[in-house]
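Q: Here's the letter readout for the chains.
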Amino acid sequence: MRRILGARDVEAAVKGGAVLAAGGGGWADHGRMLGVAAVNTGQPELVTMDEVPDAAWIATAAAIGAPAGTTQ
Amino acid sequence: MLGIDYVKAVELTQRELGAAIYGLMIGQNGKSSTLNGWLPAAVLGTKVIDAVGDLRAHPTGDMGSLGLANSPEPMIQSAVGGNRANNAYIELVVRGATAKISPILRRAADMSGGFIASCRNPVPASYVKQHAALGGISIALELGEAIIRAEPKGGAAVIDAICKQMHGEIIGQGKVARKAVQYTSEAFDIGTVRIGDAERALVLHVMNEYLAVEDAGKKRLASYPDVIATLNRDGMPTSVGEIGEGMELLVLRISKDVIPLSSSVRDPSVYQVCEKALGINLTEYALGRTAG
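Taken in sequence, the protein lines are chains A and B. Quick note, the working numbering runs 5 ahead of the 1-based positions in the first sequence. Quick note, the working numbering runs 431 ahead of the 1-based positions in the second sequence.
Only chain A is shown next, with the shape it has when bound in the complex:
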């Protein structure tokens, strides 16, 4: 099922993600910033893999390092 992600999803993603962080660090403020910017800029759409053609290109988005330039 595909759907457009909205403002409420931002907080859900940060809170759900915090449990799945499994004790690791991470930056809730950075997550909120990305989510709020996204839902105010356009209409980010969540799609399940069964809706994606086999030949479509999928890449991985990641942040590398830590926001404050620390080792955390």
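Please keep in mind that the hints were generated in silico from the structure rather than gathered at the bench. Note that beta-carbon positions come from the ideal geometry of N, C-alpha and C, so glycine has one too. Heads up, some of the hints might be wrong.
[As the list claims (entries may be wrong)] Cβ pair distances, simulated, as ranges:
(1) 697(B) with 60(A): 19 to 29 Å
(2) 649(B) with 56(A): 44 to 54 Å
(3) 60(A) with 694(B): 27 to 37 Å
(4) 583(B) with 48(A): 23 to 33 Å
(5) 692(B) with 34(A): 24 to 34 Å
(6) 689(B) with 34(A): 26 to 36 Å
(7) 538(B) with 45(A): 32 to 42 Å
(8) 45(A) with 677(B): 37 to 47 Å
(9) 7(A) with 583(B): 24 to 34 Å
Chain B: place on chain A using the hints.
A: Using the frame of chain A, we list chain B on its own:
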């Protein structure tokens, strides 16, 4: 780093690939990583793909890499960002075997002031369907939604909601008796957190994240890829970094048997570095028997 750097990274990888990127997945869930694909989706129209390299966070890139970490196949990786105030903003695109080019991005993060956005390893969707933990974003969103709904009812309700939503259980609770976690030269936080005392004590083994929980008799109560988390009385997850001795915490376990697993989690080669660092067996539990 700015949010727009995630967008630029996708553009660079797309240009090098010579084809449109349909969607973005993530390597692991986390407080911000769950949202890594959202801004490119809003700006470029790439999709937020409901699949993850690992439902939970993990210490090494290999653990969420869909088996690409050991692949000789050349991959494309881009990175954008850095500290603009120090004129340390950089952009780069590299191509090669993942094991060779991933360290370049890590080095780039250091050189640019510590924080960059990357877009890496474009693969056909058929590969993702076969290797990723499918539905990993929806699971995080539904968990978060359950937490938000329970919050007005207080901490106990939030903890119940987390357990119910994820089919998880609280395997122990108590005061943090001892935290012995060291930052090592390999850039990992490694050690243990002991919760409770005497025969009811739990020992949590930490390598950046929680990888295992044992009871006082060294019986394994939880083991990666189980989701292991510590919650305070308000139901707030606490990171190892936030934990201090004397804090009252509950230990949550969500068994690997009730979550989607990726192919990396079933790859024995990813466990060697963790087992060496922690001095405990992880492979046996990850590939075979269930803890608890």
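Q: Holds or violated: 44 to 54 Å for the Cβ distance of residue 649(B) and residue 56(A)?
A: Taking Cβ atoms as reference, residue 649(B) and residue 56(A) lie about 46 Å apart, which means the hint holds.
Q: Do the Cβ positions of residue 45(A) and residue 677(B) conform to the proposed distance bound of 37 to 47 Å?
A: Holds, since residue 45(A) and residue 677(B) (Cβ atoms, about 41 Å apart) stay within the stated range.
Q: Verify the CB-CB distance for residue 60(A) and residue 694(B) against the hinted window 27 to 37 Å.
A: violated (20 Å)
Q: Quick check: does the Cβ-Cβ distance between residue 583(B) and residue 48(A) fall within 23 to 33 Å?
A: holds (29 Å)
Q: Go ahead and decide if the range 19 to 29 Å is satisfied by the Cβ distance of residue 697(B) to residue 60(A).
A: holds (25 Å)
Q: Do the Cβ positions of residue 689(B) and residue 34(A) conform to the proposed distance bound of 26 to 36 Å?
A: holds (31 Å)
Q: Within 24 to 34 Å: is that where the Cβ-Cβ distance between residue 692(B) and residue 34(A) falls?
A: This hint holds: roughly 30 Å between Cβ atoms.
Q: Assuming the hint says 32 to 42 Å, is it satisfied by the Cβ distance from residue 538(B) to residue 45(A) or not?
A: holds (34 Å)
Q: If you check the beta carbons of residue 7(A) and residue 583(B), does the distance land in 24 to 34 Å?
A: At 30 Å between Cβs, range holds.
Checked against the numbered hints above, the structure violates only hint 3.
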